[in-house]
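**Q** Here the structure of chain A is known, so what remains is to put chain B in place on it, guided by the hints.
Residue numbers (this note's numbering), protein chains in the order written: chain A, 6 to 308; chain B, 6 to 308.
Warning: the hint list may mix true and false statements.
Derived DSS-like pairs: lysine-lysine, alpha-carbon spacing no greater than 27 Å straight-line [to be verified]:
| no. | chain 1 | residue 1 | chain 2 | residue 2 |
| --- | --- | --- | --- | --- |
| 1 | A | K293 | B | K251 |
| 2 | B | K217 | B | K139 |
| 3 | A | K251 | B | K177 |
None of these hints come from the bench; they were simulated from the model.
Since the structure is predicted, the reported quantities are computational estimates derived from the model, not experimental observations.
Protein chains: 2
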Amino acid sequence: MINKEQISLWFQSLQLDIIKQLELTDGRGKFTFDDWQRPEGGGGKSSVIENGDIIEKGGVNYSAVFGPTPDFLIKSNATLAGSNFYATGVSIVLHPHNPMIPIIHMNVRYFEAGNNVFWFGGGIDLTPHYVDEKDAHFFHQTLKNACEKHDKNYYDQYKKWADDYFYIPHRKETRGIGGIFFDHLTGDKLKLFEFVKTIGNTFAPTYTKLMKQNQHLPFSENEKQWQYLRRGRYAEFNLVYDKGTKFGLETNGRTESILMSLPPRVEWHYNHIPAAGSREAQTLNLLKKGIDWVIKTEVVEKN
Amino acid sequence: MINKEQISLWFQSLQLDIIKQLELTDGRGKFTFDDWQRPEGGGGKSSVIENGDIIEKGGVNYSAVFGPTPDFLIKSNATLAGSNFYATGVSIVLHPHNPMIPIIHMNVRYFEAGNNVFWFGGGIDLTPHYVDEKDAHFFHQTLKNACEKHDKNYYDQYKKWADDYFYIPHRKETRGIGGIFFDHLTGDKLKLFEFVKTIGNTFAPTYTKLMKQNQHLPFSENEKQWQYLRRGRYAEFNLVYDKGTKFGLETNGRTESILMSLPPRVEWHYNHIPAAGSREAQTLNLLKKGIDWVIKTEVVEKN
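The following block holds chain A by itself, in its conformation from the complex:
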């Protein structure tokens, strides 16, 4: 049977592998590392990139923390009273310079407490500043293929979960074009771990392909402006709704590691409404739940 140390070790190797592939593709940017300790037990290794050739700012963080199970978990499961917990995972957000490259987020994580409670969680989602339907199709098809290696229902279920999770109610917009999201997956630990490994391994080839493919697309000052506004929505989602961020800030986590997800530069202008028919308006129109990106572009391509 797989144990928490082996899972944690795999996440650690995933962090280093992703960093290697991102540095190779970026060409200039180098990740810097910060080891940190959690007073109550465990710690992590934050790694941050700033001012790369392609990536303007981002982080690939690993952590493995443990100690007495927090009260709020005992409240929802009384059998955990007096137990210890262990939580480990990798968390990534990357903000590119070029507004034609999407922002990406991935998180894979494992939690256990007491003798019998464990679960996996995670997700990948893509936040294009301008939605390119072919890129969206590629991204979702890749995730679907990864899911289907494990369970033919996973993609549909976790795609819907992502639509619901990465949603900004006060804007009535999804954060981006979604992806997959899953949480509290329990059952056959080895099978679930294999699924999470597939998702983790899908990240680097998928995003580096988008980096390479879009890095030389031209853009104007107008498109940078729109990028700054869209990054504002990203900051709103992370600070107001994201559960990982809230949990981290409320439980006295390492602030700089948690908030590495925030964009390097953001703008807020009052009541900005893109001109009808503009690419910006088209993008807004696609920031909706329930779009089937796997089918959508197939249809477009047939026409």
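**A** Only chain B this time, still in chain A's reference frame:
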């Protein structure tokens, strides 16, 4: 006896008076108005300024909303079941271009529900990008003088309340140098209204003095950078902790009016630590609870 319509009318006139004084001092910027209706009852008038000579972005918002008392209030006071509520107020945030001029916030508000429940709330607080001790002294002394027209204990009480309220736990920093904050003030309605009027009327002369006095202070690119980082903290406070913002977003308020408080341009860099002894480090060192700004600068000036 004063009634809710008279209070609301006074807030409306306060909005227009403050706008007039801000436009006069700014010299170029003009506020634009948006009237909005709340489907459940009432509405407001948002007024926003962008790209003035002194003010880069800000809003002076008035609203008066009413309807059935929301459930969360009935939960804390069962006698309000089946009642109606009425809430009116003015809310201001101003972000200047020049980092030597502080960000300012003011809010004054009145709430009533059922036949007997009413309260006033509000506050003013100042967020300098660089703390100038003389400005801090002037600001707090002015608030103390305003409070003492009404009650000799108000300043001490409400200054402490502001220190506690305008605090960013995950940064272990106060948002700025505080000011005054008060909520749920009930009792002699006329007397309390007179106090709130004094606070409302204190805003424009106090802030326009700082605008005029600091608008020509020189600054470099380095100081603009620091301003963008400090604005990041402002956005973090408003999106993660500010009760008014949370309440507005959760109760389906008008998003653009609520988020007018967000700065025009913000930056987040990983783990920025100012050089020891720099003006930035000195400012961080003064973003603490419990500093007596009324006494502090008197002592400094005597030396």
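**Q** Hint by hint, work out which the structure violates, then give me just those numbers in ascending order.
**A** Per hint list: zero violations.
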